[in-house]
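Here the protein sequences line up with chains L, S, D and Y, keeping their order.
Note that the working numbering numbers the first sequence so that position 599 is 702, with each residue one more than the last.
Note that the working numbering numbers the second sequence so that position 26 is 1138, with each residue one more than the last.
Note that the working numbering numbers the third sequence so that position 133 is 152, with each residue one more than the last.
Note that the working numbering numbers the fourth sequence so that position 76 is 77, with each residue one more than the last.
Hints were generated in silico from the structure; no laboratory data involved.
Treat the numbers as computed from the prediction; the structure is a model and nothing was measured.
A portion of the hints provided could be inaccurate.
Said to hold, decoys possible - Covered by chain D, according to a simulated footprint, are these stretches of chain S (three or more residues, beta-carbon under 8 Å):
hint, segment
1, 1149 to 1156
2, 1185 to 1191
As the list claims (entries may be wrong) - Within a straight-line C-alpha distance of at most 30 Å, the following computed DSS-like cross-link-like pairs (lysine-lysine) qualify:
hint, chain 1, residue 1, chain 2, residue 2
3, Y, Lys148, D, Lys48
4, L, Lys193, L, Lys239
5, L, Lys298, L, Lys334
6, S, Lys1217, Y, Lys148
7, S, Lys1217, D, Lys189
8, Y, Lys69, Y, Lys15
9, L, Lys334, L, Lys239
10, D, Lys189, Y, Lys148
11, L, Lys705, L, Lys239
12, Y, Lys65, Y, Lys148
13, Y, Lys148, Y, Lys15
14, L, Lys334, L, Lys193
15, L, Lys290, L, Lys705
16, Y, Lys186, Y, Lys69
17, D, Lys189, Y, Lys328
18, D, Lys48, S, Lys1217
19, L, Lys705, L, Lys299
Said to hold, decoys possible - Simulated DEER-style distance windows between Cβ atoms:
hint, chain 1, residue 1, chain 2, residue 2, range
20, D, Leu120, Y, Ala17, 36 to 42 Å
21, L, Tyr762, D, Arg160, 39 to 45 Å
22, Y, Glu11, D, Arg160, 32 to 38 Å
23, L, Tyr762, D, Ala39, 29 to 35 Å
24, L, Ile722, D, Arg160, 44 to 50 Å
25, D, Leu120, S, Val1204, 58 to 64 Å
26, L, Lys239, D, Gly183, 57 to 63 Å
27, Y, Met213, L, Val763, 46 to 52 Å
28, D, Lys189, L, Trp197, 53 to 59 Å
29, D, Gly159, Y, Gly301, 33 to 39 Å
30, D, Ala39, Y, Ile60, 48 to 54 Å
Glycine included, each C-beta is placed from N, C-alpha and C at the ideal position.
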Amino acid sequence: MKQLWLIPALPLAGFLLNGLVALVASSMRAEKESGADHPGVPLPYAQRLFHGVVGVGSVGLAAVLSFAALVPYALGSMHAPEGLAPIVQKVYTWMAAGDYTVDVAFRLDTLSALMLSFVTLVGTLIHVYSVGYMQKEEGYGRYFSYLNLFMFAMLTLVLADSLPLLFVGWEGVGLCSYLLIGYYYDKDFAVAAGKKAFIANRVGDFGMVLGIFGVFALFGTADFSFVELAKRQVLAGNAPLGVYAVCLLLFLGACGKSAQGPLYVWLPDAMAGPTPVSALIHAATMVTAGVYLIARCSALFVLAPDALTLVAWIGAGTAIFAATIGLAQNDIKKVLAYSTVSQLGYMFLACGVGAFGAGMFHVFTHSFFKACLFLGSGSVIHAMHHEQDMRKMGGLAGRIPQTFRTMLVATLAIAGIFPLAGFFSKDMILGSAAASGHWVLYLVGLFTAGLTAFYMFRLVSMTFFGAPRGHAEHAHESPATMTVPLWILAAFSVVAGAVGIPAILGGTDAVGRFLEPSVAHPPIGEMAHGLEIGLMLLSLGVAVTGLAWAWRWYGRAAGPVEAVSPQAHAFYEKTGALGRLVANRWNVDEGIEALVLSPFRKIGTFLWRGFDALFIDGIANASAFLVELLGDLLRFFTTGHVRNYALAFTLGFAALVAYVWMS
Amino acid sequence: MTGALPGVAPMAVPPGAFLVVATLLFAIGLAGALLKRNALSIFLSIELMLNAVNLLFLTYARMRGDLAGQMIVFFVIAVAAAEAAVGLAIFVALFRTHRTVDVDKIALLKW
Amino acid sequence: MPALSGELVVFGFASFLALAFALLMVVQKTPVRSVLSLVVTFFGLSVLAILLAAPFIAALQIFVYAGAILVLFLFVIMLLNLKEETADKDDRPVQRTLGLLVALALGGLLAGATLRAPVPPRGALTGTRIPMPDEIPALGRLLFSDYLFAFEVLSLLLLVAAVGALLLSKRRFE
Amino acid sequence: MSPALATALEGTAKIAFVWGVVLGAVLPNLIWVERRMAGLIQDRPGPNRVGPFGLLQAIADILKMFMKEDVVPMYADRLLHTIAPLILLVPAMTTFAVIPFGSSIYLFDRDIPLVIADVNIGILYVFALTSIGIYGLVLAGWASNNKFALLGGLRSSAQVISYELAMGIAAIAVFLAAGSLRLTKVVEYQASGTFLGFLPLWNCFPQALGCMIFVVSAFAETNRLPFDLPEAEAELVAGYHTEYSAFRFGMFFMAEYLNLIAASAMMATLYFGGWSLPGLHPTGILGGVISIAVFAAKTGFFIFLFIWVRWTLPRFRFDQLMNLGWKVFLPLALLNLIVTGALVLWGVV
């Protein structure tokens, strides 16, 4: 395919079309009926149709194009011994400084191909889903224009051939996530969540930008040819230390975007946005950008093993940390959010132990079942009339069967039950962790897998099993535009693992070999086949245990129809103080508040009250006062008589002439 | 003194004479501008000063055998036209509000 | 050579006319008469202009200055019906005496300065000589080549002035 | 005989000739002609008592004027009231200086161009004088200390200034074509070739629009009907010369006719080829005389036109007059200028 640039360009066009129409229409509306937006008043059908067609159409077309581009390439590279050379297409020169130029150029190699495949696929499905889900919203057009804009940014990010261009996409997705989290701008918590996400990302981006500069300083270029240089270890300047610093900075950026370490705080709040947004941005695509970045720069990271180890540890830590929080959440979307964080932790763990392929593999599979789960939860919320508290659900299995089945499949997938997608990817990660000899990390991952299985099945049980609570009995199934994507995603979460079946199970670790040309693959120790099989069985066992445990605690129990059910408290009763701490999310937000925010606020207050108000303003006022005094003095000379002015003027002029004359 | 320029007849009158006349005119105009109280008369005096300067320009143009001076005079005249139009309009407006154009009676700029 | 003496005579007459009527304009109490004296002064000036080989400017002096601008003055004076300058005595003796002194002093200074000032060599500004006797086409060529921008700006200025005058002299601003 | 003296003599002779003809011959008969024409148009005999066909009527009128008492109103500004008519009259008389009234005549073995002063600013001179003429009217109005007179004066100044614009711009086109401000050059240009092959190169053909504007504006410039508002009897008694009597009034009278003649001469010169006639190449004494005759004929035609129009058309209203001048003629004149420029550019004229 010749025009890669068309792939991001199409959603951009969609954004412009939708945005313009939405603006014009809403302003016309505002004129017609005084007052801008009318909550609950759905748009006229024609306009909805337009937005739907443009929104879905542009992204769908982009998806078709990208598959037209990547399928031949993928096949070609599968059969080529060394993999095909990346396709790089320059669109135009963006910046030129001296002899160094930054081009707007797009790159298609196996890594971006992999990303492209699921980004466009999931993106399209979620657009379709949104058509049904957002039907009643009066911000329909706005929503779709933002969503298209996001797709544009994400595709730019994926296809970019240079860090600066990637950064454009990076910021673009950040902006869209902000806009879409704050989609319900009349709700304070949504606005606050949007700001939180934006600021947390700023912290990361600060590292990101410095990292880009660092890369430029190291290699004298910022486009991805530096990866080759890094592979050949062609470095400028103080290499080891520099590389280490650059890696840490880039990783900081990745943490911001992918909610790792302390920067995870924004992701759970981001659930304030519409559910499809959570599915698309905060589960499937955007949050994986960090992993993508690490994989992109893997060649660089390999040069700084300590940095890699740090990545691994932070990943593992985040994984188990988030998982524990997930155990106690009652908001269905919050559970999924924390699960996302912890899964992302898995991916970083994989990258950290040097198995970048495994990490990307998990990104790939995770996008499907997590998107499916989110969309499913969306369908549940839809059915429950915007009720998100699982304590008020229950017994929905029979009422919304399709949602139930698809979510069950996805749950099993994420829990890592054989032979669903999650099993293979997660096992590849654990396997490589073990193989690389980080046994502690392995154990952490294993335990987290158990927790994952537990909280996921807890979610399913509380939602679908037992007796209906709250309004659960008048729940009804969602329209086809929502269920069809669910089924498709469910199907993918079953089969997606097929691309990564390890050799030991008679598969050909396709994805690993596929990614070889574009990501580094440092040597990881080999394991005896027996041990490998054993570990697989072990993780499978852990997963099953988790499921069973959740079933025991939550599955059978039925509760009164009144809202808060015993099961809600079950977790505390059974785990005591630790559980309570976990339920309070380890008081992380409070900690950040106490350690970071409040000191800053104090400093700010001081600078405002003390420095600005007294000192700066003091100077200004003093000077003003002086001028006033001077004015009082001078005003006696302004008689208001033109002739006096003329006379004075002439006197001055005469003096001037006299001076010239004399000199 | 430039002497006989090619294409320009020699000046029979010493250019200094022109200069003196011009400066005297300027002085007279200035005196008028400073002494008269009727705004229109002041305006007239200013016109006179302008013309005095024009005469200077013409003289120098003649002395240097250079058209630039005449060009400038042309522009001065045009600008004077614009100035007169606006100035007189202002006086009319002024008269409408104050029933006089005596600049001593109109001292709005006083503090 | 008679032509020379003739030129001198003309110069003397014209400059006398200009100066005398300029003075008259200043001492004149009736605005209308001041305007008329100024007209005569302009006649003298245009004669001087002809002596200075600038017939075009001379014509403009009469055509534009005397013919249009001063008529406008006359027009306004009649419109406002200004008879004598306000009868009551000038109550600003300081202004009066000082103004006179300054005017004279400055006049003397300038006269001296101009007489002492050196004439810049020809072509210091532009190389265009006065092609006698028919210099008008040359002026035109200069106006539309070297001075084109100034010319355009000038036209804009005139337009603005016209609009401004109209606006100012409107009775009410709607 | 020294050349300087010869030049002086020549000039004096020409001045004497022109003024002799204009004041002595044309002016008196013009009075008679106008009144007879009026009679003709109004279907009445007109003056026919004094002398044959009343030819001596003009003499009688002039005598009467000189006999009458010269009244100066009590509160008038004496000085201005006295000089106003002169200010009007002098420019009217000096206009003729630049108008070439013939090709050239060979006398006393020297070739005498038939124009008093062939100055290089030609038309500008004429316009300058016209604009001076305004003062006569305005001051007459002002000095009489009479509201009708004042109104008349103001009207005249407004009117003349306004139409000078249209007139001037129309005239510019002429010089654009001729390439010089000299009226002699203008005439020579018109005599020089043909327009579209079959017409004489008279400016009235390529610049019909400009010609029309010039002619109509000339009516306004000379305060003749239908533009004689400064002296509109019906509204202003007699306008600016309400307070004038006897020979001062006579001067206004003269001035009006002189302006009329001058305007006719200008039209003939600028737009109708002056003294030239297609196929006529005057040489020697006879040629000179013939050229003078041609010029006289053309001028005479326009004088006739003036009179004819006066007794045919009703008077405009002042606002109509102003609208015509500013909103119709000025733009049209500019258009004419542009068109002429194009013609010159493409070498059509």
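Quiz item: Among the hints numbered above, which are violated by the structure, and what are their numbers in rising order?
Solution: Going through the list in order, the structure violates hints 4, 5, 8, 9, 11, 13, 16, 20, 24, 25, 27 and 30 and respects the others.
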